[in-house]
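Number of protein chains: 2
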Amino acid sequence: MTYQAPVADIAFALRHVADLDSLQQEGLYPEATPDVAAAVLEEAGRFASERIAPLNRDGDRVGARLEGHGVVTAPGWREAYRDWSAAGWNGLAAPASFGGQGLPLLLNAACLEMWNAASMAFGLGPLLTMGAVEALGSHGSPALRAAYLGKLVSGEWMGTMNLTEPQAGSDLGALRSRAERRDDGSYRIFGQKIFITYGDHDLTPNIVHLVLARLPNAPAGTRGISLFLVPKYLLDAEGRPDRRNDVLCAGLEHKLGIHGSPTCTMVFGDKEGAVGYLVGEEHRGLACMFTMMNNARLAVGLQGVAIAERAYQQALAYARERRQGRSAGWREGGMSPIIDHPDVRRMLMEMRAKTVAARGLCYQLAEALDRSRRSEDPARREDAQNLAALLTPVAKAFATDIGNEVASLGIQVHGGTGFIEETGAAQHFRDARIAAIYEGTNGIQAIDLVTRKVPLGDGRVMAGFIAGLRNSLEPMAGTPRFAGLAPLLLQPVDALERATAFVLAALRDRPADALAGAAPYLRLCAVAAGGVVLAREAMAAAAIDPHDPAHRRRIDTLHFHATQIAPPAAALATGIMRDHADAGLETVF
Amino acid sequence: MTYQAPVADIAFALRHVADLDSLQQEGLYPEATPDVAAAVLEEAGRFASERIAPLNRDGDRVGARLEGHGVVTAPGWREAYRDWSAAGWNGLAAPASFGGQGLPLLLNAACLEMWNAASMAFGLGPLLTMGAVEALGSHGSPALRAAYLGKLVSGEWMGTMNLTEPQAGSDLGALRSRAERRDDGSYRIFGQKIFITYGDHDLTPNIVHLVLARLPNAPAGTRGISLFLVPKYLLDAEGRPDRRNDVLCAGLEHKLGIHGSPTCTMVFGDKEGAVGYLVGEEHRGLACMFTMMNNARLAVGLQGVAIAERAYQQALAYARERRQGRSAGWREGGMSPIIDHPDVRRMLMEMRAKTVAARGLCYQLAEALDRSRRSEDPARREDAQNLAALLTPVAKAFATDIGNEVASLGIQVHGGTGFIEETGAAQHFRDARIAAIYEGTNGIQAIDLVTRKVPLGDGRVMAGFIAGLRNSLEPMAGTPRFAGLAPLLLQPVDALERATAFVLAALRDRPADALAGAAPYLRLCAVAAGGVVLAREAMAAAAIDPHDPAHRRRIDTLHFHATQIAPPAAALATGIMRDHADAGLETVF
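So the protein lines, in turn, are chains Z and Y. For the first sequence, the positions run 1 to 589 when the UniProt record's numbering is used. For the second sequence, the positions run 1 to 589 when the UniProt record's numbering is used.
These are calculated hints, taken from the structure and not from any lab test. Using N, Cα and C, we set each Cβ at its ideal position, and we do this for glycine too. Wrong hints could be hidden among the right ones.
[As the list claims (entries may be wrong)] Listed next, with one range per pair, are the computed distances between beta-carbon atoms: (1) Y:P487 x Z:D509: 25 to 35 Å; (2) Y:E474 x Z:G484: 31 to 41 Å; (3) Y:P480 x Z:R470: 32 to 42 Å; (4) Y:G459 x Z:R470: 35 to 45 Å; (5) Z:G329 x Y:R65: 42 to 52 Å; (6) Y:E332 x Z:A87: 50 to 60 Å; (7) Y:E332 x Z:G484: 32 to 42 Å; (8) Z:E79 x Y:E156: 54 to 64 Å; (9) Z:R46 x Y:R65: 37 to 47 Å.
Sequences are here, hints too, so could you generate the full structure?
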């Protein structure tokens, strides 16, 4: 079972959940006309389905291999990447001034979903490059930008992010890699980094590493970290890759999933020191990293959506074809397709409802990021910034959590066949698992939401968000078709409001109580907002044609969410609004 | 990180959640004295931790391999199995008349948990043998029993269950393997079976296959299936393995997990037909299989508990050792162990609460099976049979679902390290995934609960079960320590009562509505009953010594379940008590 890019569903979400049209109409992205958007989605869908999806199995089976100190990617990956970057996909949302196409992040988000659904291990590489573009574009010196940015935007060279060290994962303040100043203004970098995604590979003739390290006089902790650009090959006078820099891949991890993506142990300065160039100011490296964090977290959230969509498509195809037993309504001879069994329909509907909700949240985040960059009115820009700040941890954690849940359901729909690797459902399950961990574990996301985002503007940002959810649901009460669902959808919104008051109060004098409920608080928030995503889709569908199958499916998906997913999520408030000792969390393990 | 059998926790559950002591005191299992039980647990724990646990990694990495038509198990497995069976573990709960030790299934359940926690792929083999003992002991002719039963009870030979065919998985009525009668009273079997666990291996000199097939005159569907015993080697006049039978392993599956357990495609009758012997009556094979179903489902449920316990131990050890960041209460220098972070504590507590609840439900099922076999009073025997019937799908599905959930949390606690295969957390996640599928998928379990178990005695069995849950919680209301938790624990019990009334009414004239909610109904039932399991542990712990760390942990685990797990589960009732169309399940996918 291969992947068919769900272009119609994606376009529907871009229009009715986010608002791509108004980004163009308001003049923020004048070039993102409906025609351009449609053409982009169509072409991206075709490339994803036809060129990338077929790579996914070999990426898993053969994987990336280390030969000597060079990583060789799986069969066909080089050619696919060459054609993908040649088609300009890498720079879709990069500013035109950097050589990009300057299209909205929102449109790029839809494309990222498709690349990653086709192959998460393949789609991951460009995410890192896009992050490097972001960091270098915002903080790099003119000389550095001139030398590297164009190549990164085009995708001719790829970028990496070198943060993690064995003792410094979630806590980057603990990192030990060091940098020494040289008289020529460059630096020499020494240290070992682990878990470096696409740290080495054969897709491009050069690789641009962004590396966090400490200068000798650096303050301790996170305020003493600087960011350096360390190319794999130093450039000659014409800016072409020339001499090998003192950086190498010393090993590849043997991972549960995304085998096609090389996860490298990188050694900097094994000999004379790796030549590096400062990005931004000394000791301000973490701030530079934070500028790209929102985008990267959105991108990883989209990986969750992507793998969920892929798993859903595969389970749906299997459920239509596989016959076992006779369902109650089966009138033909022989066995019914298992999609006729209510329990299988439930699993498929849960997969669909979670996938569509997560997609909508990610797209809303992308739109907020677009508006935070381009809105002319400072107040609207700030609102968009705040919304993006709030949605970032919610979208990242929820979408990657449901990526795991949906991929697991995908196996379950297949029964025993799902446990056999050749079926492919198991690969999605294995691949999905990392997205809840990297780019800030989902626990870190929940802590970010509770301790930094909920208190924004003394709680006014969150209060405004909740009011927005309520407003969006208001039209339902007056619509006979949806009036019965409105109270169910309001349950998590009301619960979120109560839980938010608890969290804000707890943060003042008993932060452990707020932290203890961070994970369910994030889930509650996502389900409340996800309900609004599905309500937008269903209301738009009903207004267009409630009898058309695709539109009916959107209405039915809302029914499923409202009756099956919203009430248990609302009940999470009980657990959030407890002190941590009462929740048993002070126990002696 | 290896496995330390949690003998004290297991013994506590055997005494305070189930009631092993009274099985002995009432004379049902007079030989199961406290001393014997303690010695059994101690020895089993030692064997599991010291001999089996070290096999688990190579079982995964090397796996079982097919060489020619013979399966070779991973290094060390032959020796470990030899010593395990020589120690008498295989026949622990088999009747003394068959050469077993005649100890309670309840005690064996504790041992099964330990074998499977040490290595699920290793522990799985004996489960099949125990099933074969069950089927043959109940339905085999005296001659068959004389020839095969003793060897199976001792574990000198292992057994298999050959049910599944490509077109016949959950729906066994569709199977096509055929049997022909021969004049000597034997049969010849022809057909292909897939997904046959331990279908071939080198652990024992003979393998006893139990095979479902159709006779030529058989009625269609499930009422035309017969059960045959087909040995790998036919026996000579002295009953020793002699000539190879016409059955072979044609291939091994490449699976997501349990690589150490060979999953075989078995070909019967490739040449002259595999010699088989009828077990039970012609066309009554499925009834024979059903006699062993409860035990097998319990055993698979115990695999869920086992893998959850294993994953919990590993995550706990990592969380104690790994240091990142500084928790709020951290007063020492450097970083705090991550177990000090509330979100990590939450994950560990969720792992623990789910594991202990699932263990308790499985043990209660085992006790019910013991009482259904040996209670002298027919009314009590029937009560026990009914309880076992009810608990079987609940324990199997819940324990294996939480096996997946806990193993996934186990990865999450490890962060990026959890995604690396060498860590071992990923293996538990992969291994766990099959238990929700085999021995009846968890969807099949939910359907069994709703359509066959809830209606038992016109709903009186379920009503009695719910009343029992209420009774068990009653002492809490009067205890200051627990009074606040009682209403939270009653939420799912009340919800279960309402949902049960809905299901019973729906079954009468709109079964699809009952089936649509089967999965959440099962979950609700398990969480309601699991709360009582944890309440029993906590009340016993408080009565003994609430300040002892192990006892305090039991009390805290109840707090976690009551505040965090019970309320969302109770809210599942909203979704169950909807017609399937209103839940969106009539959609056009």
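These are the hints, each one checked on the structure:
no.	hint	in the structure
1	Y:P487 x Z:D509: 25 to 35 Å	holds, 27 Å
2	Y:E474 x Z:G484: 31 to 41 Å	holds, 37 Å
3	Y:P480 x Z:R470: 32 to 42 Å	holds, 40 Å
4	Y:G459 x Z:R470: 35 to 45 Å	holds, 41 Å
5	Z:G329 x Y:R65: 42 to 52 Å	holds, 46 Å
6	Y:E332 x Z:A87: 50 to 60 Å	holds, 55 Å
7	Y:E332 x Z:G484: 32 to 42 Å	violated, 56 Å
8	Z:E79 x Y:E156: 54 to 64 Å	holds, 57 Å
9	Z:R46 x Y:R65: 37 to 47 Å	holds, 42 Å
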